[in-house]
Structure formats: C-alpha cells, structure tokens
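Trainee: Residues per chain, in single letters:
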Amino acid sequence: MSQNRRYTLSDLAQQLGLEWVGDGSVLLSGLATLQSASSLELSFFANPRYRQQLQNTRAGAVLVKPNFVAESPVACLISDNPYLMFAKASQLFDNRPPSKPGLHPSAYVSSTATVAASASIGANCCIEDGVSIAADVVIGAACVIGENSVIGKGSRLCANVTVYHGICIGEQVVIHSAAVIGADGFGFAPNGSEGWVKIAQLGGVSIGNRVEIGAGTTIDRGALDDTLIGDGVIIDNQVQIAHNVVIGENTAIAGCTAVAGSTTIGANCTIAGAVGIIGHLQIADKVHVTAMSLVTKSIHQAGSYSSGTAMMETGDWRKSAVRFSQLDSLSKRLRQLEKEQNK
Amino acid sequence: MSQNRRYTLSDLAQQLGLEWVGDGSVLLSGLATLQSASSLELSFFANPRYRQQLQNTRAGAVLVKPNFVAESPVACLISDNPYLMFAKASQLFDNRPPSKPGLHPSAYVSSTATVAASASIGANCCIEDGVSIAADVVIGAACVIGENSVIGKGSRLCANVTVYHGICIGEQVVIHSAAVIGADGFGFAPNGSEGWVKIAQLGGVSIGNRVEIGAGTTIDRGALDDTLIGDGVIIDNQVQIAHNVVIGENTAIAGCTAVAGSTTIGANCTIAGAVGIIGHLQIADKVHVTAMSLVTKSIHQAGSYSSGTAMMETGDWRKSAVRFSQLDSLSKRLRQLEKEQNK
Amino acid sequence: MSQNRRYTLSDLAQQLGLEWVGDGSVLLSGLATLQSASSLELSFFANPRYRQQLQNTRAGAVLVKPNFVAESPVACLISDNPYLMFAKASQLFDNRPPSKPGLHPSAYVSSTATVAASASIGANCCIEDGVSIAADVVIGAACVIGENSVIGKGSRLCANVTVYHGICIGEQVVIHSAAVIGADGFGFAPNGSEGWVKIAQLGGVSIGNRVEIGAGTTIDRGALDDTLIGDGVIIDNQVQIAHNVVIGENTAIAGCTAVAGSTTIGANCTIAGAVGIIGHLQIADKVHVTAMSLVTKSIHQAGSYSSGTAMMETGDWRKSAVRFSQLDSLSKRLRQLEKEQNK
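Residue numbers (this note's numbering), protein chains in the order written: chain A, 1 to 343; chain B, 1001 to 1343; chain C, 2001 to 2343.
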C-alpha cells in the first residue's frame, strides 16, 4: 500500500473543527477499531455497547462524545457525532494513489472532445466525439465515454467504466469499475409469432452531483425521457436501475437491488440489498425496504416494508413451505370450525 | 445528443406501410408520450385508459387504431397495433451515433483474424487469433473477442463486451457493455478434505440470430456441449445463464434473473426480473414466471408461476413471518380441533 | 475451437494413476456423456440412475467404479471416484488457447511494476506503478491492475478484469471477465439533511491460493482491515462480497449471491445461488444454504438452512399470499377456538 499520511492530534482537531483533550503532539498515521488500534492510530467510540473496549483501548487517540471523555484512557477528539467525524477523518487518511493530470499516451481522445487541463485520462481510455470532461475529473484506465456525454467537475470514474453516448454526469460523482451508464432500456413490442421488435431507447441518463455508483451497477437510458438519479444518491455494487426510473435525493440503495422501469423512488429512502422493485410504482420519501423484499405496489407512506419468510432449518422450512401452499384451505377450514362453534 | 432525424407524416406513413389522415406535410423529429409531445413529435395511443390524453394531446401526429381516429385532435397514422408501430417508428428516430467502418488505429487485430471490410472495430479492441467477424458488424471500444470466435452479420457489440474463445454469435445480435459470453461454467468435483477440483469447461456458447443481451449479463460456456440461446431471445441486464442452459426462441428474461446449469427453458416464455431457476429443470413453452420467484421444479404446462410473499409493513410482516415458522403446528392443531368436533 | 488433444487409454490411465481394462491403444480425443459419446471419447459413470446408459454406451472408454466394470460394453478406466477422475481428465483435454509469455506490445506496464519473464500480459492491459506479477501468471486482454497490487504464481486473470490498488491475490487463482476486486466498500455516515459522508475505504482485499472467482463478481476492499477470501474458495458469477467479509477455506458460493458487510462465513460451506446474507453475521463451518434464501441471523450449527416459499401456479399462489398476510389473525382465531373447546 502507499505510504500513509500522518497528522498530530492537534492538526487533526483543527482540520475536523473539534476540541481535544490530551497530548496534542501525538502522531497518528491511520484509523482502526477500538480493539485493534495501536498507539499510532485514531479510533472512535459511537456505540455504547463497546464501552468496555473504549476503556481498554490502546489507540493513540479516540473520537468520543463529551460525556465519555472521562472514560477514555487515551487522548480524545470530542464530537457530538463521532461516527460522522470518523467518516471525515477517514478521508484525511485516504490511501488511494494520487492521479496524474493529463492524458495517458495510450488513451484515445477524439479531436472533438473537450478535456479540462486538470483532468486525468488513464491508460487505454476511449473518449469519443463531442465528449466534455470538466476540471479535476479523473477517468481511470480503460474507461469508454460515448459521444457527447458530459462529466462534471471533480467526478471520478474508476477503471473499466462504460458511459454510453449522450449521458450527463454531475459534479463530484464517483463511479466504480464495470459500471455501465446508459445501456438501452429493455423495451420491446411483441409482434405475434415473429417475436419482439426493439423500441429504440431515445432518452439518456442524468446523474446529479455527489452521487456514488458501485462496481458492476447498470443504469439504463430512458425510452423517451431520461432516467434520473438525484443529488447525493448512493448506490452499491451490482444494482440494476431500469429505464426511466427516477431516484430522489440522498436515497441509498444497497447491493444487488433491481428497480424495474418507470418506477419513481422518493428522497431519503434506504433500500436494502437484493430488493426487487417492480415497474411503474411510486415510492414515497423516507421509505425503508428490508433485504430481499419484493415491492409489488406503490408505497405512499414513509415507513419500513418487507416481504419473504424468515430463515429456518431446511427440514422445518419444508414443512412450513408445504403448509403455505395449503393456506387458503387451512383458512377455510378454520372458518368452518368457527361457524360450527357458533351454531 | 446527436441531431435528430426528421420526417414528414407522409414519409413516415410510407416507411411504416400505414394509412394516415390529416396534413401529410407535418414535420416530425421525435417521439413522445401523449402528454408531453410537442407539435414536432409523434405519439401513440394503445391503452384505452389514456383516452383523455389522446383527446388533449398537442402532438404533431399520433399512432391510433382505426376506431379512435375520430377522437384525435391531430393528424393520425392508422394501425391495428399502434404499440408495435411505435416500436418500428422508434427505430426510424434512433439517435445513436453512427459507427465508422474500419479498424480504429488503437485496436489490436490478430493477423489470423478475418474482419469484413464493412465491419467497424472500435478503439482499444482486442481481436484474437482466428476470429471471424462478418459484414456490417460493429464492435464497440475496448471489446475483447477470444480465439476462433465468430460474430455473424450485422451484430453489434457495445463497448467493453468480453467474448471468450470458441463462441458462436449469430446475425443481428446486440450485446451491451460489460456482458461476458463464454466464461467457464461453475463445475467442480469435491475431493474430500482437499477441496474442489475444477472441471475444465470444454463446450462453448451458441447464440442465435436477433438476440439481445443486456449490460453485465453473463452466459457461461458449456461443460461438454454448448450453452444454447435460441433465435429472437431477449435478455435484460445482469442476468446469469449458467453452463449448458438451453433457451428457446423468442423467450424474454428480465433483469437480474439467474438460471442454473443444464436447465432448458422453452420458447416464448417470459421470465420476470430477479427470478431464480434451479438447475437440471425442464420449463415448457409459454411459461410466465413472476418477479423474484424461485422455480424449484420442472414446469410442464404453459401458465403463470410464482413464489414468495406479498409486501407488508415490516411490523405486520414480522408477525406473519413468525407464524409461517409455526405453520406445521398450526395446521396440526386445526386438524385436532376438527377431530374433536366430529367426535 | 482449437485442435483437441489426443491420448491413448493407457496414456490416460498412467496420467490419472488408474488401472484399466480393455484395449490400451484406444485413442481418445475428448469427453462426453454416456449417451452422446462417440468411439473417440471418454465418458464416466458415477450415478447408478444411468446404469442403462452405461450398458448402451458407444464411448471409446468409460470411467467406472470397480464393481461396474463387468457391465461396461467398452474399455474401462477404474476408479473409486469416477466423477473426481472425470474432473481431472477434463483438464487433460482442456481446449483453451495457450497463452504467450511476454508483454503484448499494446499493453501499458509501469516502469516500477515487476513482471516475471514467464508471465503473459495481454493486449491493452494496464499494469500500474508498483504492481508485482509472479511467474507463470496470465493476464488477459484489457485487464487493469491497480498500484502496488500483487498477483501470485500461476494465477490467471481472464480479459477485462479490474483489480484496484493494494490488493493481494494468491497463487493458482482464476478470475473471470468483468470481475472487480477491491472497489470501495459501501460505507457512508449519515449527516442529517446534508446526506451522506463517504467513509474512505482504507483496507484491501486478500485472496488465498487456488481461489476461483466468476465473471462479473465484485469483492470490495475493507473499510479498515482487509476483506479475506480463504484458500480453495470457489465463487460463481455475479456474486457480491461486501467489505470486511471473511470466507473460510473451500467454501463454494453459487451465482448471484450477495454477502453484506463484515459477515464471516466458515470453511467448507456451500451457499446456493441468489442467496442473501445480511451483514455482521457469523456462519459456522459446513453450513449449506438453499437457493434464494435470506440469511438473517448467525448460524452456529452445521446443517442446511432455507427461507422463502415453494413455487405454485400464480392463481393459487395469490390466495396463499393473501392468507400469509392474515397469518397472525388466523393463529389467534385458532387459539380462541381451542380455548372454547377446553371450556
């Protein structure tokens, strides 16, 4: 790994805008959990369940709430939200190799593309005609950016990302490897015995600012209008977003979830992993869907929603599964007994 | 986006083989929904639910059935199947950037590969030994085509597609980015405490004509024989097709579905999204499987099949989920009550 | 396909360390099933269900257990574990095109990378600063290997694999196309109305020896410590392994399964396809999870586990699904009846 950055405790306090107690000259070169941190590492205490670990930590310093400072055996950075400050501190210790501005000699950049001087274009990239790449953008090795697509300021595409033509990506967006933005939506008209006739997908994809898109995630272009991803949306790996989906600001979608065409998801939702959401639905703001649920109808109220069954030993599960298939008759037999009783 | 194409209404009518009513010189430069269409756009009316939208549309012209012409406030293209004609019209308005025949200078093409003069090979492609690429094929940037694979006439691979060695792809096939055709099937023999011994996957993949394969979809090569995808099959994004699967003509498979090894799916099936189909099954023609169902046994009859539970608020769902695990005992208690009753 | 290799029966017997009966000079050029094998092919008989097929086979020779030799109409290779020997034989007939040692002229290899002379680096690869590639490694076309990553002896990356920076891959590992190793884990801290603050992912990924990783599979880097994949683990296509997951030796994971963050899976487990495993769980050794189950809590005992419901015709399923949502009330009504009865 690349050389870690180092900060004194007082430096860190200043950069995070926090008060500290203890020796401000303590040198910190990384982050670690309370249990594993060495004296060169910063840790954090956010969950009261780990109180004992706080009391026994060997960290160089620890991020804590004001009321736990007294329990810390080591220097403290004081915050009302240690987990948030841990996130901010992690960025100070980021060990990603720095990117180099300019075009790698092996990259192909069309003469009609516009690339800011501060942008970095990696090895074996392909930047097609009419593409516009703003300042401070980093395009990883082997990315392909299709005709007339636009990448906003400070965005970063990791290696092997594919962006089709006519796609609009905002500022400070991160897209991980093997993601595909703007493939055709799955639109076909049946033509009797002759099979399917493809509906050309004439829309694009519009991605807001500060969006994160995981590895292997696919976001299809719209059929007529654009597929829309709002500002601050975070999407994990291998998520499928179909054509004309709209996702509201700051919604988070965990890995392997699939959203079918023309569904609108509100703002500030949290969709867990491996969820399925069928097409043409409306999902309100602040909806939470639990892992591997299937959303089969619109959700008009904030709240938590689920489907499926709980895990069991397979032998027991088989019995329940058989009974599930008899549920309607079980229910009718119960009704019959109730009638008899009330005679 | 690239410049849209423009047609007069009478031009469109001729190209689609349709009658029209109204001003044949109306100029149309795109497609839109009844509600959003401007006077430069063609719309379509297929679903009677949107009758009011037809009556209020500001489109330049609209595709309608003969019996709705009288209700249209604007010029009409008349068809018994407006949705199908909308699909065909969409292709006339396709705004994909045109491809350029020839080899991009940055592409690597083996001296033993055969590439038709009319084919287009994009930037940074790798065409290995013995590959055969037919007329009018378009290979997007950064594709890799393995040794001795064959790509039929008029097929189009988008950027970053991987085709392994010895794969046969038919004519007029479309494959989207990050798709992988011909990776090894998941075949291993257990060797006691020494773990797994790999079974070399000696088969290939054979893909018919007019097949569409979505972004990130994987179709594995067969163990001994080929994995087979029939003519006219359409497959959405992130679908997994395991080794030795056979898929019949014109079957449609929506996103994130997984088909395990050696299963045969019939013709004209529609498999919804996120479905799982276990291995070594036979699925008849014209079977429909609803979203996120698990197919655990062969299906010998056309029809619709499902598994899972419906979505509920998580609090209510938890109660049902607990009861599910008690179903066998609930059922036995019911039986007991019935016995008592009949004493 | 490339020219098949040919062996006499006695050659094969020697290479596999087996006894044979029949004509040792029989020439074999491939493998096939009992039913389809020609006289130039080797087949195997492992499942007594196919006894009739053994008796009718036209194979050139067949792998059988000692007690079935008498039933074979053709020459036999004798083994107590014919399926295992079939796997080993398949490797002898492997028809993958051979790789060529050395750097393809179109590849970019950083001057600070170390590449063994016997390694093969394919067309349009990008090998970043400080990478170390051991002897006999094969890197397929268009792969990207990030800064300071290490690839152990004899490993093989197929085309279009992405390895981020600081990743450690063991020996004899196989990674299929479009797989992504080391993308950022999905870690964000909520910041009230300001959305999400990214937690820099400072850990790496450590992959043991003899691991196989399928096409489109993603294995994220750890937040602080590494994500760990044990020796001999086999992972199918489109599997998602989140940050800080630990997978024990020889565990097998089938396609489209998702494992959420910080979950530990034991050794010798078999996780079927499309399974979901939520985060921060402990799964014991030798656990089997059936297809499309959701694992919602830690599993401390070896055994088989399931969730979901069985497949039904959609009409019947709908009735059961409605009753599922009424299960708590059904259960209470049953309890009420029991009380009445016992009065």
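FYI, nobody ran anything at the bench for these hints, they're computed from the structure.
It is possible that part of the hints are untrue.
Part of the chain A face toward chain C, derived, beta carbon under 7 Å [said to hold, decoys possible]:
#, residue
1, S110
2, S111
3, G192
4, W196
5, D236
6, T309
7, S329
Think of the CB as a built atom: it goes at the ideal place given N, C-alpha and C, for glycine as much as any other residue.
Trainee: Tell me, in ascending order, the numbers of any earlier hints that this structure violates.
Mentor: Hints 1, 2, 3, 4 and 7 contradicted; others consistent.
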